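Q: From first to last, the protein sequence lines stand for chains A and B. Reminder that position 21 of the first sequence reads as 33 in the numbering used here, one-by-one numbering, no gaps. Reminder that position 1 of the second sequence reads as 220 in the numbering used here, one-by-one numbering, no gaps.
The hints are simulated quantities; they were obtained by calculation from the structure and are not laboratory data. Here the structure is a predicted model, which is why all the values come from computation and not from measurement. Warning: the hint list may mix true and false statements.
Distance condition first, Cα-Cα at most 27 Å in a straight line; then the derived DSS-like pairs of lysine-lysine [as the list claims (entries may be wrong)]:
#1 K56/A / K224/B
#2 K379/B / K259/B
#3 K56/A / K259/B
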Amino acid sequence: MISSDVIRGYNDTIILSLLLEGDSYGYEISKNIRAVTDEQYVMKETTLYSAFSRLEKNGYIESYYGEETQGKRRTYFRITQSGMTYYKEKCEEWGLTKKVINKFVKELKDSGDH
Amino acid sequence: METIKSYLENMFRNLPQTEEIQRLRNELFLNMEEKYHELKKEGKLDNEAVGIVISEFGNIDELLEEMNIGTIDNRDVYPTINLEEAKEFILLKSKTSYLVGLGVGLILFGVSLLILLTQLAEDDLIFRTLSSNAKYTLPVIFLFLLIVPAVGLFIYSGTKLERFKFIDEGVFSLASAAKVVLNKELSHVSSKQSFGTIIGVCICVLSPVAIFIGSLFGDSFSAYGVCVLLIMIAIAVFIFISTGGVSEAYKKLLKIDGFDPERQKENKVIGAVAGVVWPMAVCIFLFCGFVFNLWRISWIIFPITGVLFGGFSACYSIIKSK
Chain A
13 MISSDVIRGY
23 NDTIILSLLL
33 EGDSYGYEIS
43 KNIRAVTDEQ
53 YVMKETTLYS
63 AFSRLEKNGY
73 IESYYGEETQ
83 GKRRTYFRIT
93 QSGMTYYKEK
103 CEEWGLTKKV
113 INKFVKELKD
123 SGDH
Chain B
220 METIKSYLEN
230 MFRNLPQTEE
240 IQRLRNELFL
250 NMEEKYHELK
260 KEGKLDNEAV
270 GIVISEFGNI
280 DELLEEMNIG
290 TIDNRDVYPT
300 INLEEAKEFI
310 LLKSKTSYLV
320 GLGVGLILFG
330 VSLLILLTQL
340 AEDDLIFRTL
350 SSNAKYTLPV
360 IFLFLLIVPA
370 VGLFIYSGTK
380 LERFKFIDEG
390 VFSLASAAKV
400 VLNKELSHVS
410 SKQSFGTIIG
420 VCICVLSPVA
430 IFIGSLFGDS
440 FSAYGVCVLL
450 IMIAIAVFIF
460 ISTGGVSEAY
470 KKLLKIDGFD
480 PERQKENKVI
490 GAVAGVVWPM
500 AVCIFLFCGF
510 VFNLWRISWI
520 IFPITGVLFG
530 GFSACYSIIK
540 SK
């Protein structure tokens, strides 16, 4: 399992990407993260909800009460326009980050071969 | 499922009960519930499912920080105690209360021995060759020989617990996870303590019977009865202190049952009065013994002080709580 320290800066991006596919609620999102990553990354409950809180505060997502099912009423989240813009920015940032980090990772690998 | 519910309940115990928090808590519960049911469907055992759900909960402080929620007790000001430290404190407390109980028991046993030897000397059964002065001084020496190791035990326990003084003073906050575990264990510990208390009280109630039986056989036998009574009380006190220590440690850590900050102040006043009253009782006991040679009866000062002091602290608590 991936260390949460490394991935922290991209938790918001992960959640936004899942919300792009449609509105969702807490457990469904955490289940999807687990499924997409083949259980290599499990987001803790509190990490997920602090991300929701942060994203909502910044206006990137909106929450609303869903339909009541089996006497349970869940909070659903929806991505906003500015959330989509933010998501794109983060994707570009990651492209750049990946390039930069890869340079160092590769060099290290090369020097190890000699 | 109950475990998950109480886990979450404990996590939220110290938080202000606002609508926002209620909603968050409900949301988290629904998620955990759904995860639990899915794990069960996958064929996980109940324990496994609960374990996974709780281990994937994360750290509540992370969430609170993001949401700008402070807990009711100022967790930033006080040092936080985690489960490991709490366990260490409990273990040490159980050891030291055993030693303190032993020390108090030794002193009571010493007083009993003093009365026994004095009575035997008076009945000319021992120390026959000694002068009358030595006859009455020698038993006192035995008492002091027992007080010395007892005081040693008290000091040893005191220095061992010095590190955890801040827990006694209540200036700490308990980590949420530790709180959950301790709360769960508390009921087991309390029932153990009440069992000890029942046995101790039974011994105390039965102890005067020794005097009644003794007095049937004459005056000097009633003194021997007092010896038996004191030994029984020594055993009872040992049980009270050694079993009470562990549950006291739990209650101090959880700040319940007289260890919440409000009651803590009250205890300080009572403690201060106790600090004056009990040494005074010891002085009167020794004075009457040495000066008037009243060793046989002067011990009565202790139960009298005990009853009066108990009355005082009860009255003080009642007046204060009003």
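Q: K56/A and K224/B: Cα distance at most 27 Å?
A: holds (17 Å)
Q: Take the C-alpha atoms of K56/A and K259/B, compute the straight-line distance between them, and say whether it is at most 27 Å.
A: Judged against 27 Å, a Cα distance of about 19 Å means the pair holds.
Q: Are the Cα atoms of K379/B and K259/B separated by 27 Å or less?
A: Distance ~47 Å between K379/B and K259/B Cα, so the pair is violated.
In terms of the numbered hints stated before, the structure departs from hint 2 and from no other.
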